[in-house]
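K.L.:
One-letter residues, chain by chain:
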Amino acid sequence: MSKIVFVTKPVVALKQVTIRFAGDSGDGMQLTGDRFTMDTASLGNDLSTLPNFPAEIRAPQGTVLGVSSFQLHFADHHVQTAGDAPDVLVAMNPAALKANIKDMQRGATIIVDADEFTTRNLSKVGYETNPLEDGTLDSFKLHPVALTSLTVAALSELTLTRKEAERSKNMFALGLLTWMYHRPTEATENFLNAKFAKKPEILKANLLAYRTGWNYGETTEDFSVSFEIAKAVMPKGKYRNISGNAAMAYGLIAASQRAELKLFLGSYPITPASDILHELSKHKKFGVVTFQAEDEIAAIGSALGASYGGALGITTTSGPGVALKSEMIGLGVMLELPLIIIDVQRGGPSTGLPTKTEQADLLQALFGRNGESPVAVIAPSHASDCFDIAIEAARIATTYRVPVIVLSDGYIANGSEPWMIPDVDSLPDLRVEFAKSQEDFMPYLRNPETLARPWAIPGTKGIEHRIGGLEKADKTGAISYDPANHDFMVRTRAAKVAGIKVPDLEVSDPTGDAQVLYLGWGSTYGPVSAAVEVLRDNGEKIAQAHIRFLNPFPKNLGEVLKKYPKVIVPEMNMGQLAMLLRAEFLKDVISFNQVRGLPFTTAELVETAMGVLHD
Amino acid sequence: MTDVALTKKDFTSDQEVRWCPGCGDYSILSTMQAFLPELGIPRENIVFISGIGCSSRFPYYLETFGMHSIHGRAPTIASGLAISRPDLSVFVITGDGDALSIGGNHLIHSLRRNVELKILLFNNRIYGLTKGQYSPTSEQGKITKSTPAGSLDTPFNPISLAIGAEATFVARSVDSDRKHLTEVLRAAAAHKGSAFIEIFQNCPIFNDGAFDSVKDSETKGAALLQMVHGQPIKSETHGLVHEGASLKLVELSSVSESDLVVHDAHNPDPSYAFALSRLSSSELSHVPVGIFRDVARPSYGSLVNNQIDEIIAKQGAGDLSTLLSSGDTWVVE
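From first to last, the protein sequence lines stand for chains A and B. Sequential numbering of the first sequence, starting at 1, is according to our numbering. Sequential numbering of the second sequence, starting at 1, is according to our numbering.
Derived by calculation from the structure, the hints in this document are not laboratory data. This one's a predicted model, so the numbers in the text were calculated from it and none came from an experiment. Please note that a few of the clues may not be correct.
Now the stretches of chain A that chain B is said to cover, found in silico as 3 or more residues with beta-carbon under 8 Å [as the list claims (entries may be wrong)]:
id, region
1, 234–248
2, 255–265
3, 276–286
4, 300–309
5, 462–470
By construction, the Cβ of each residue, glycine as well, lies at the ideal position given by its N, Cα and C atoms.
Kindly generate the complete structure, drawing on both the sequences and the hints.
P.N.:
So, in structure tokens, the structure goes:
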């Protein structure tokens with residue numbers, strides 16, 4: 001079918017579309033969404049994605065609890081978020097419809113697998129009557145498609161059981177949507193060819209279902225038009241689509257290459273950070289060591305041990321893991337060794353919402369240890385920014401010999417967007433200098449500029465020395481219980497972190513006289529930027545700034561806060577950055593908080609700003 | 001190898017040793033300082049990593065690289081170091097509380113992986129640094145500050161634990177027996193992978209005399225069952241014979257020498273070493289000492305690094321530009 005290049009039905013041009021694929025967690029919705037994303041990216045639309053899935057691997061079939069979804073927003077212009085309300089919902093069963101219908105606005109398109117709307121399945125999710133027939137969906141463009149039986153019929157020639165054949169129905173749905181939105185098909189066909197190379201029957205089934213779905217759109221009267229979305233205008237360059245976790249892994253590899261240090265990852269599997277471990281473990285040809293430790297503590301301990309030996313020691317985790325690692329982070333502070341801790345935040349406290357997003361580990365990152373234990377804290381703003389933030393983390397950790405906590409979160413970790421592939425030569429030179437053989441070596445004699453102590457690795461003749469978690473004497477590093485020395489060392493460690501060079505905060509204020517500033521951090525960047533765009537398009541004056549460096553803060557942050565009478569700080573927590581800003585700058589910022597496990601929608605951020613603008 | 005042979009003095013740091021007078025740690029330290037020169041390894045390539053507890057002060061007193069880390073976690077730090085730096089010789093110094101209570105998880109996992117670590121567990125059967133609470137190796141019923149009516153916990157047998165954790169080298173020695181301890185250290189150093197050594201260590205302040213039966217000249221001859229590979233296992237008065245699948249302690253006078261179990265430290269079946277480990281009762285009337293088990297298995301670090309080398313040999317070294325441009329890409333003109 002890749003040969004078919006013309007479409008006979010009318011084509012409508014659109015500027016942007018948001019599609020949500022929803023089904024049982026076993027229905028392959030994430031894969032379907034991923035493929036549609038890749039085909040959309042390669043077509044040149046800008047895009048942003050939001051996977052949303054339950055913590056249970058296979059929740060009871062057909063229940064609302066077990067619904068997994070994947071949302072994709074793509075456009076002919078720059079895209080900031082995965083979109084608020086979907087224009088199209090693909091619901092593979094009644095549960096998927098029930099779980100998602102509240103997010104749909106009148107007039108939206110709903111495509112359902114009609115075969116799944118049986119009395120039994122309907123009652124399972126509490127539908128007393130069939131919503132496909134009882135008129136409740138009259139305000140939507142409803143397309144009941146017999147996805148399952150059409151797929152099974154299409155595969156009847158193959159030697160598959162009915163159950164095996166049914167499993168290809170996600171490809172039917174993908175084929176149909178691919179036709180509707182004029183996506184190219186080669187890449188998905190290549191993907192399937194590679195994925196099922198060793199299972200020829202399954203490969204045939206998937207390809208056939210995919211083509212049948214496409215042909216269904218093309219030939220049946222149910223779908224009278226298809227849509228086209230022109231390429232987005234993007235800066236010249238080579239692009240790929242990338243998720244936050246993949247970008248983080250690539251950034252860490254890039255950092256180790258630029259630093260000429262062995263990358264050592266000590267990690268314990270935890271949602272939603274495990275994909276960084278998975279990705280890094282694929283790249284051993286870069287000399288990458290991935291050590292799946294027995295627990296979170298061993299994971300960071302091994303990373304610190306590797307750092308002590310002169311490697312780029314990294315650990316990846318989520319909030320509960322950071323809690324377990326806190327004593328070892330404190331040791332890292334005391335030993336003054338480079339260490340990178342990636343915290344892909346999720347809903348908390350405790351096990352919380354493992355697969356949902358939140359920003360509630362900020363205060364834990366800053367203060368969640370015994371004693372005065374300052375570390376650097378930085379946060380990526382969007383998926384591809386994870387690449388740059390990883391390099392930044394390595395720069396700070398190796399230059400200042402300090403633990404760096406990177407606060408990513410579930411939204412940017414799993415979400416994806418097009419990324420302009422950087423020229424490797426443009427990446428910063430991160431090479432480091434280890435302490436050399438010398439007489440009378442002093443392990444805590446500091447670089448006067450950075451206050452960093454020497455990185456003195458075993459194997460270097462003549463500088464044998466002992467370090468540890470006990471307080472040390474200035475310069476010599478010998479154990480010291482001297483009161484004045486402890487006071488001095490506590491202040492010195494604080495001064496070292498406070499003195500980390502970070503770029504000034506950039507403020508976008510096109511009119512120059514805005515009175516309200518939207519100030520975000522981390523993954524709220526996309527939604528806030530989208531809201532600011534809408535507000536400005538409506539003639540509102542609003543400034544925007546986004547904090548990537550949370551400790552230390554940018555040097556000009558105080559001035560920025562002073563300049564704007566009203567500062568709105570949206571956070572997916574109960575106001576943690578707001579608390580810091582109030583404490584440090586005595587600025588009574590307006591804290592806007594949500595902890596629903598989902599990113600902010602553009603609409604609610606617009607509404608909040610309107611309330612403040614027209615107070 | 002160094003050009004000039006090093007001496008015990010070269011391995012002695014300038015730090016004042018701060019253990020209590022009469023502590024068993026002194027003799028272990030002295031034995032170690034005297035033993036290290038014979039390894040022929042430059043000082044800078046030796047690293048001692050400890051946790052928390054009296055024994056964990058050990059690294060401060062050795063003129064090598066050293067790290068006094070946090071409670072129970074020394075094996076984790078040492079693992080990261082040993083895996084990423086196979087050129088180093090890494091020792092872990094720990095105690096019964098550090099290794100078997102708070103750090104139990106790391107100990108068993110380091111052993112099963114066979115990370116290139118020499119783990120010395122100073123077992124004094126008490127918490128010394130926190131001033132005298134019972135430890136996971138204290139005998140049941142022990143009266144301590146935290147158990148005035150007697151402890152209720154069944155103790156760990158560290159040797160059984162290590163064997164159960166798939167350790168490839170497991171040995172026991174006694175703090176005051178320098179010759180024996182040196183022999184065990186020598187064998188441990190020659191072993192590829194994890195070596196676990198339990199050292200009975202007297203705490204003169206909080207658990208004095210805990211190991212008298214294996215230290216007093218009057219009783220030790222009978223109490224210490226010497227395990228030497230290829231030799232019958234026996235003390236001066238007792239020996240071991242096979243009884244079904246298990247081992248039995250008998251008086252030497254009741255059997256002929258040829259009936260005694262001849263020690264096979266390289267026996268691939270861990271149940272043999274495990275049976276030996278069960279012979280030490282908590283009152284220590286009979287205690288096997290020496291090497292329980294010494295079997296060959298690739299060290300974890302060599303497996304990790306070989307895997308990387310093989311992938312590089314097959315695919316070539318990674319190229320960053322190629323990696324970043326992998327997968328579906330497109331060009332915006």
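K.L.:
If a hint holds in the structure, say so; if it doesn't, say that too.
P.N.:
Hints, verified against the model:
1. 234–248: Our answer is that it holds, as 8 residues pass the Cβ test (under 8 Å) against chain B, meeting three.
2. 255–265: With 3 residues closer than 8 Å to chain B, the region 255–265 of chain A meets the three-residue bar; holds.
3. 276–286: holds (count 4)
4. 300–309: holds (count 10)
5. 462–470: holds (count 9)
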